[in-house]
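*Asks:* Here is what each chain is made of, one letter per residue.
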Amino acid sequence: MIDITLEVNGASKTLSVEPRRLLADVLRHEFGMSGVHIGCAHGACGCCTVHLDGTPRLSCLTFAVQCDGASIRTVESLGGSEADHVLQQAFKSEHGLQCGYCTPGFLMTLAPFVEEMVAQKRMPEEGEIREAMSGNICRCTGYQGIVAAVRKAVTVGLDAGAA
Amino acid sequence: MKAERPKFIGARIQRFEDTRLLSGTARYIDDIVLPNMLHLNFLRAETAHATILDIDTSALADLDFPTWVFTGKDTAGLSMKAHQDVPEMQYSEQPFLAEGKVRFVGEPVAVILAEDPYKAEDAAELVFVDYDPLPVVGTMEQARDPEMPPLFDGWKGNVIVERQMKGGDLAAARAAAAHIITRTYRTQRQAGVPMEGRGVVAHYNPADRVLTVWSSTQMPHLVRTYISEELGLPESRIRVVAPDVGGGFGVKGQVYADEILIAWLAMKTGRPVKWIEDRREHLIASIHARDHEHTLEAYVSADGRLLGLKADITVDNGAYSTYPFTSAGEPGMVGKVLPGPYDFQAYEATFRAVATNKCAIGTYRGVARPSAVFSQERLMDDIAAELGIDPFEFRLKNIIRQFPYKNVLGFTYDEGSYAQSLEQMRELLAEDIAEAEVSKSSATRRVGVGIACFIEQTAHGTPDFTRRRTPIETGYIAARVDMSPDGEITIDLGLQSHGQGLETTMAQVAADALGMKPENVYVRHGDTMTTPYSVGTWGSRGGALGGGAVHIAATRIADKLRTIAAHLLQSKPDQIDLVDGRAQVRDNPGSFIEIKKIARIAQRNVEQMPDGMTPGLEAHASCDGPRDGTYANAVHAAVVEIDILTGKTKLRRFVVIEDCGTMLNPLVVDGQVRGGVVQGIGSAMLEHFIYDSECQPLTTNFADYLMPLAPEIPNIEVHHIETPTPLTPLGAKGLGEGGAIGPAAAIANAVGNALGTGVAETPLNTNAVWKLSQHIRETA
Amino acid sequence: MRPASFEYHRATSLDHALELLHEFGEEGRPIAGGQSLVPMMNFRLARPGHLVDINRLPLGGIEIDGQVLRIGALTRHEAYFNDPLIARHFPAFLDAVHYIGHPTIRRNGSIGGSISHADPTAELPAVAVLHDADIVVRSVQGTRKIKAVEFFLSAYVTAIEPGEMVVALEFPLPPSASTGSFIEQSERSGDFGTASIGITLQFAGGKIGKAAMVCSGADLFPIRAPEIEEFLVGKALADPGAAEAGRIFAASIDPVDDHIASADYRRGLIAELTRRAIEAACTRALDKS
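Chains as they are written, first to last, in the numbering used here: chain A, 1 to 163; chain B, 164 to 943; chain C, 944 to 1232.
Next comes chain A alone, as it looks inside the complex (with noise of 0.2 Å):
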């Protein structure tokens, strides 16, 4: 057992783990972040997509004691319990989830990306967006609601922007 520190959402905490206990079992039964989902367990559908000091990480593929002392975020974070982040509100005008169980590694994963288009001021490709989901498996929506909704969220921001 290792102690470690970890910065979850805001809330620290200390705890002492079992070197192989995954981060996405660490973040679901230590720290109660049950949108953290596990889809295949071998970094192959991004299910389980957290921010680890800022940028996506797959929980699935990193272990608790490596980050020890660092700052994760979980969809959790993201609009809280209304679900208010831009691209959270356009991926429910866009229909971009169904069963939702994908939706909070494509959020996590996305998220960093409308920002970068924002911050870059530029509206991307279709191409452009479906790369940056390529590590994302969405079994109900056939991707298309998600585009969109990562379409209608970059318009967002860059109105504001733009204001």
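Keep in mind that the hints were calculated from the coordinates and are not lab data.
You may find that some hints are simply not true.
[As the list claims (entries may be wrong)] Covered, in the sense of this in silico footprint (three residues per stretch, anywhere, with C-beta under 8 Å from a C-beta of chain B), are these stretches of chain A:
no., stretch
1, 56-68
2, 74-88
3, 99-109
4, 140-153
[Claimed, not checked] Quick list of simulated restraints, FRET-style, between CB atoms:
no., chain 1, residue 1, chain 2, residue 2, range
5, A, Gly127, C, Leu1229, 21 to 29 Å
6, B, Glu288, A, Met123, 38 to 46 Å
7, B, Gln937, C, Ser1232, 33 to 41 Å
8, A, Thr155, C, His1041, 21 to 29 Å
From the three backbone atoms N, C-alpha and C, an ideal C-beta is built for every residue, glycine too.
With chain A fixed as given, assemble chains B and C onto it according to the hints.
*Replies:* Only chains B and C this time, still in chain A's reference frame:
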């Protein structure tokens, strides 16, 4: 009585369930955590066919943590029994844990429980099974070989069931034919793969004698029934809960042995027991789908009229029969649906399921129809090519145009838009067709256009299942609608929603019937304690039958609201409209009472109700499918661009024209169609569950079992025609599966069109397309 | 699908990491991005007793060191996309990294990890073999440089000994009149390739001087194509005989026939990718000259 114009049915309303799903606050099966819980790990067969000589669990005693282990000896007699009640069927049972023999790689042999899932996995590694291998039945040919040993004691050979369906005079059709075209088509074995795997948590409370089972299932009530029958508990004391379910696609539309086994283990150990399926288990041992071979013989007149069709259908079923649709379901469905949207008068299908040492075939989006439509629509193109007729022309020449239409097997089709959708599709594709024609001169790059025209029997009802003589038996969906004293509405729905948006669409239906807003309606589902008995969500029945049940129940409450309103407003019930939260007199809208006030009167100020009226505003209704279901129709089209020298096939365009009757919510309809199409694209081009000759699975992870990713997929263009059916209360036909039914055929026809060759099988991956292009490279 | 038990050690310096790896021998494995190792551990196909976490060591970076471009073992795949040195000196390398995985994998995966994992058709091993990179490996005994062509021994098998770890790759800088290309085909974008071909060319006077070619998918590790490299010498950039080169090469290989692709297809695909990679490199050379 005048029906109010629907206000919410047909509206593109954003889904209510989304907030929960987007915020990470949804509760899926792995989020069910109980105190004192044990975690289960399956020890699964590593050999496809073997006698179990010994299971050595002695090493578990040396562990420094407690474990519980159970084998087939402990669960002897407990099994899944899924039989079609016909004399032709050879029965088999699937023991909860293998007894004496294993019959496919992945079959559960033992369970190991521990207080931590990592430790349960550690412990499972210490259990050793000694197998004595038996000859493997690995192919359809081997399964039909009478020399091969049967998989089950007492069986004669490995053909599980072989039956026939026929109609009309096939010999006469054959005799009259100017052309006889015979082809064999194959569709590969696949896995359904919802992004959330399956999982079960069970807890038994001996004080109340209540067993609670949480399962990621599409059919909680049927799970309850099977548990009751197998474990001898009253259904009243069993609560099955499907929490948020992360996709089903039919994979979760069977009752699995593990669901009952884990309930049994919870009772046996006196502790809550949890099992969360991992991806490898899901791929090798939940259910598989497709794996068909169809040989079709078409009889065609000199002027291109289809006179008759003869079909020989084999499904490689794997080892066991799944509950409740059985191993007879898949081949029987092909035999039944092959006549499709075409008008011909002679048909004969021989269909069989054969047993092999593989995972069982079960229901996956489309159920048999992606394979049937692949063969049907490949055949239409192959006939058109042989006769030198344009594929659209040939279909239009044979398409059914008069409704209702009684087909060659006696099934009655309600009205659809078959010819109209074909004509419309031809217009949409005109430029692509021209480009494909031009590209035929190229030896390096070809464009191809292919279509699939099909019908889909949806909303199967009790008469259909009674005919099948399988354990499903019934097909109704029930709903209970309740308006509380504050005027808010609760629907307890017999369906289970796992992505279909039923929490929104059912609210739309109730809101229209009751003159309220969808926001006033709370839809609960998935919990047998609160919801009325129903068969679950599968078979494209939710909107048509669930919507129907909600409509009927809500209308009963609406009638009562009108009666009370008429009493209070001194009008007549048939003069009262329920609109925008008010019950108002039709010709005098100024005379109204708020519906929530009536709701209060009906339950709190009951003295104001008409004399003799029972208090309360609740109604239970069920809606069964029509005798032959209701037939949705669609035309799918694919435009492909093929790099002849590498086999790389780009899907440039995919177009759908679909007719599901009344659309409850176009946002949801489009989502269902697009999602289904992309699964169908996976079936057509990528997904293949492969066994080697010893029936060892080779595609047991997501690097080997390839599903569509965003970059390969084009936007799916969806066009709607709405032909409401008179056979369901709202005019809705089913739509959940249709998207997945056409793509294999459309894409194969597009590839065939591009390459100027027939296409006999899927998947059309790069290797397959490269092989099909051989003739072009050779002549270049 | 959870890993077996192991002990975890965070290396505080390179020497510390090497001491730990020395101590644990066969049981020790360095972990960087974990994008290849952890899936194997979750399937329990890899079960190291000790993981030595090197992520916090200063082993990243792309820099010129004399006549070589030195890429530190912890350099993440996404770093290549906007690196001016890669763009300027190694066009085939830059082509190749576009085929690596998906954004999250590229952000976290490292070159040291990819090289050590040695997937048969991974891009970076092929790139290393193509460019005659030296793989710099260290242990407590010191440093050894292993030629990339001698490093990959089979699928997932390398010349790394217990106690050793990859610390950098050194790519000899090509002369200015040189270019290259890399083409891969996979079933889906981001998958490991069914096959890939990389080419580098030196050129003068409209002709090919020295050439190098690598192929993944023909064997269990990336192989060079010496006969094609010889064949290309002296060929006109405008007419390098690329199709013939593809045919010759395809006839010389004996690729595996399995459930992913038939040997015939692999051979045919490799012939065509060879042609395209040569033509793409020649086009670039013509643009540059």
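*Asks:* Each hint needs a verdict: does it hold in this structure or not?
*Replies:* Hints and how they fare:
Check on the stretch 56-68 of chain A: 0 of its residues sit with their Cβ under 8 Å from a Cβ of chain B, so the three-residue criterion for coverage is violated. Three residues within the 8 Å Cβ limit are the bar, and the stretch 74-88 of chain A against chain B gives 10, so the coverage statement holds. A stretch counts as covered by a chain when three or more of its residues have a beta carbon under 8 Å from one of that chain; for the stretch 99-109 of chain A and chain B the count is 7, and the coverage holds. With 8 residues having a Cβ less than 8 Å from any Cβ of chain B, the stretch 140-153 of chain A passes the three-residue criterion, so the hint holds.
Between Gly127 of chain A and Leu1229 of chain C the beta carbon distance is about 28 Å. The supplied range of 21 to 29 Å therefore holds. At about 52 Å, the CB distance of Glu288 of chain B to Met123 of chain A disagrees with the hint of 38 to 46 Å. Between Gln937 of chain B and Ser1232 of chain C the Cβ separation comes to about 38 Å, which falls inside the hinted range of 33 to 41 Å. In this structure the supplied range 21 to 29 Å holds for Thr155 of chain A paired with His1041 of chain C, their Cβ-Cβ distance being about 28 Å.
Hint violations for this structure: numbers 1, 6, all remaining hints satisfied.
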